[in-house]
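S.K.: Here's the letter readout for the chains.
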Amino acid sequence: NAGVTQTPKFRILKIGQSMTLQCTQDMNHNYMYWYRQDPGMGLKLIYYSVGAGITDKGEVPNGYNVSRSTTEDFPLRLELAAPSQTSVYFCATRFAHYGYTFGSGTRLTVV
Amino acid sequence: GQQLNQSPQSMFIQEGEDVSMNCTSSSIFNTWLWYKQEPGEGPVLLIALYKAGELTSNGRLTAQFGITRKDSFLNISASIPSDVGIYFCAGQDTGNQFYFGTGTSLTVIP
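Just so you know, the sequences run in chain order E and C.
For the first sequence, this note's numbering begins at 1 and goes up steadily by one.
For the second sequence, this note's numbering begins at 1 and goes up steadily by one.
FYI, nobody ran anything at the bench for these hints, they're computed from the structure.
Any given hint could turn out to be false.
Said to hold, decoys possible - Computed footprint of chain E on chain C, listed as stretches where at least three residues anywhere in the stretch have a Cβ under 8 angstroms from a Cβ of chain E:
| hint | segment |
| --- | --- |
| 1 | 39-49 |
| 2 | 92-104 |
Stated by the list, open to error - Partial list, derived from the structure: chain E residues whose beta carbon lies under 8 angstroms from chain C:
| hint | residue |
| --- | --- |
| 3 | PRO39 |
| 4 | GLY42 |
| 5 | LEU43 |
| 6 | PHE95 |
| 7 | TYR98 |
| 8 | GLY103 |
| 9 | SER104 |
| 10 | GLY105 |
| 11 | LEU108 |
Note that CB positions come from ideal geometry on N, CA and C, so glycine has one too.
Just chain C, with the same shape it has in the complex:
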């Protein structure tokens, strides 16, 4: 099946630093989603993107739908300790199937 390559796999950053992560696919997607999963909980939707080139913010989080429709990016500005968690990308292909990335584990050091 479709593979979503999400990178980096893990990040250890200092509080206050900015964070960037991305997700790439081998085929064109119509929708990109970004989720955050905290320990012991299910993933929670952060941002949804529906159009190539779309740039959407949710507080300190900004995500972009890549122009090629094969990638997406998530940025977190001025990280804080509660940003800790695993961030997943998910995409919907032209056949309306959804796929998840393998996640980026974020650790914020105070």
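Pulled out of the complex, with its shape left as it was, chain E reads as follows:
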């Protein structure tokens, strides 16, 4: 049982490039989330989804887009990468009021 799988684990982007961070879960959880974690900081919510076809903005959505065409997948898209988007990105799922299950993260550097 893989849980939450994020790819890639590491990526270096040049300013202005675009990329998609992939997140896949096999737990059939409806809720999925994207967080970013800056050095020494807590988790900030970028986007979330309460089910396939439904997405909503979190605390820091600017510069990102998401889609949720299936229960399993919740990709995060960066269109024009900026240095401020250098961070570690975590995808997570949740079932009802139980706790989150996190992926192992994607470390992104924009230069």
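Got chain E sorted already, so can you dock chain C onto it with the hints?
M.R.: Chain C alone, transformed into the frame defined by chain E:
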């Protein structure tokens, strides 16, 4: 948005010592969660609390859901080097929104 105040921000302790950290919110929460994050990994759930006053243990870890429903505490007894990491609290408010604390970085000195 909701802010969770987690303290202390960092701790440096000797192996064998006990550790206490806490998290407070400005509003009432229905659920409190405690996570541990090791370097290069995502947070992993340690303990979940669902009722005011609840006291739950997981090995050497004990967490409590505060009576006021605005705070929670995590204690680690007899710390060992593998306890090193960042500990996050998270809470779910009455609107079913989850919020994370800023973390407590724990260093255990052998």
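S.K.: Next, verify each hint and record whether it holds.
M.R.: We went through each hint and held it up to the structure:
1. With 7 residues carrying a beta carbon less than 8 angstroms from a beta carbon of chain E, the segment 39-49 of chain C meets the three-residue requirement, and the given coverage holds.
2. Check on the segment 92-104 of chain C: 7 of its residues sit with their Cβ under 8 angstroms from a Cβ of chain E, so the three-residue criterion for coverage holds.
3. For PRO39/E, the interface hint is violated, the least distance from its beta-carbon to any beta-carbon of chain C being 11 angstroms, above 8 angstroms.
4. The restraint placing GLY42/E at the interface with chain C holds, with a minimum CB-CB distance near 4 angstroms, inside the 8 angstroms limit.
5. Using the Cβ-Cβ criterion of 8 angstroms, the hint placing LEU43/E at the interface with chain C is satisfied: the shortest such distance is roughly 4 angstroms.
6. With 8 angstroms as the threshold, the beta carbon of PHE95/E stays out of range of chain C, its nearest partner Cβ sitting at about 12 angstroms, so the hint is violated.
7. Given the 8 angstroms rule on beta carbons, the hint for TYR98/E holds: about 7 angstroms separates it from the nearest Cβ of chain C.
8. Here the hint on GLY103/E is kept, as its CB sits about 5 angstroms from the closest CB of chain C, short of 8 angstroms.
9. The beta carbon of SER104/E is positioned within 8 angstroms of a beta carbon in chain C (closest approach about 5 angstroms), and the interface hint is therefore held.
10. Nearest Cβ of chain C to the Cβ of GLY105/E: about 5 angstroms, under the 8 angstroms cut. The hint holds.
11. Restraint check, LEU108/E versus chain C: the minimum CB separation of about 14 angstroms is more than 8 angstroms; hint violated.
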